[in-house]
Amino acid sequence: MAARWRACCSRAPPRRAPSHRAAPFPRPGAPTTFPPHLRVCRCAVGRAGPTSDPRCCVKALVKTEARAGFALRDVPEPTMKDNEVLIRVKRAGVCGTDVHIHEWDAWAQGRCKPPFVVGHEFAGEVVQVGSLVTDVKLGDRVTAEGHIVCGRCHLCRTGNSHVCPNTRIIGVDRDGCFAEFIAMPATNVWHLDDNIPYEIGGIHDPMGNAFHTALTGTTIPGATVLVTGCGPIGIFAVGICAAAGASRVIASDVNPTRLALARQMGAHDTVTPDQAEAAVRRATDGLGVDVVLEMSGVPAAVHQAFALVRDGGRVQMLGIPSKPMELDLAREIIFKGVTIYGVVGRRMYDTWIQMTQFLRSRKFDPTPVITHRFPLEGFAAAIHAIKSGEAGKVVFEIG
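Mapping the sequence shown onto the working numbering, position 203 (from 1) lands on 200, and the numbers just tick up by one.
Watch out, some of these pointers could steer you wrong.
As the list claims (entries may be wrong) - Listed next, the in silico DSS-like pairs over lysine-lysine satisfying Cα-Cα at most 27 Å (straight line):
| id | residue 1 | residue 2 |
| --- | --- | --- |
| 1 | K333 | K110 |
| 2 | K110 | K78 |
| 3 | K384 | K320 |
| 4 | K320 | K333 |
| 5 | K110 | K320 |
| 6 | K78 | K134 |
Don't read these hints as lab results, they were simulated from the structure.
Input sequences plus hints: build the corresponding full structure.
Have a look at this one:
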């Protein structure tokens, strides 16, 4: 398999009509008119019939080697296990993690092992179902939890699978979703309501981070909330808090484009970090906010979060500092009686239920956060849009 993979990665993708990607595929065990020793190549479906080429390929965005950059390549079709489903990817969200992998920074170098298909946020249509799968069927519109956990460790068995030590993340530890097809365990699949566009389904992963941050352990209705860091997840969190009934949502960021998106999502006040203290004092009569959602990981923002939360308040921490930082535990946390909650991924599957309920209520609409859309071939422009700071959420239109 590794040899096939590398052989495919060395070739540029052939031209194919878009209709080839839309052709249906047989379920496991379905009768076929082709001789059993021949495989039905997805590159050939709807065109010429069977092929004996062992490199049956699909288009994918690949981290081909341990240096900066991605490459659009043909790779072997995903191998589906009996407990998995095969999904034709329709839309996929581009994340800061993908930028780290593209740039091949220190984190990526320590974590990722090329070659692999990139991407971990997606939605699509089920085109094949494993023999052991009973609750997913052909044609289902789905997204999926991209953290694949063991299900058997102490944490998984006590309702904390979002911090399973055996987690493998698609697009990081195994092949991801920036491809025409992806195989996923059926247990990770999440059905989409018919009225939820694939574009919104494709960003459930980062929305889930925001829901987890905003709603776990907090009491948002009537609360005053400060959101520090208005990347896409922070902007989603602003909208969630507004929809959940916060009395005041203050959004802080250095980027005017992102502050404008935060206003559009329901922020009552949008401020730069140097304006945040005055805005909080004014909104809370000097008390401090009930809840801070720290989404940036910037050390100055972390310190500001603890300075501006009220005594007895709560700080939810999603942002990851790029290196270790110091806190004055006595002054910033202990003597203030502050509760801290560290956010990893999405709670499985409490967070997914919350997302579905909010979307059904129509009080939360994430559509304005999506500002840029690209075909998979436009990956360089997509990465540039994110790095420029002028984008909200960036989405690949694949299928």
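The hints, checked one at a time:
Straight-line distance between C-alpha atoms of K333 and K110 comes to about 44 Å, which puts the hinted pair past the 27 Å bound. At roughly 22 Å between alpha-carbon atoms, K110 and K78 fall within 27 Å of each other, so this suggested pair holds. Under the criterion of a C-alpha separation no larger than 27 Å, the hint pairing K384 with K320 is consistent with the structure, at around 20 Å. Restraint check for K320 and K333: the C-alpha separation of about 25 Å stays at or below 27 Å, so the hint holds.
For the hint pairing K110 with K320, the CA-to-CA distance comes to about 22 Å; that is within 27 Å, so the pair holds. Of the supplied pair hints, the one linking K78 and K134 holds, its CA atoms being roughly 15 Å apart against a limit of 27 Å.
The structure shown violates just one earlier hint, number 1.
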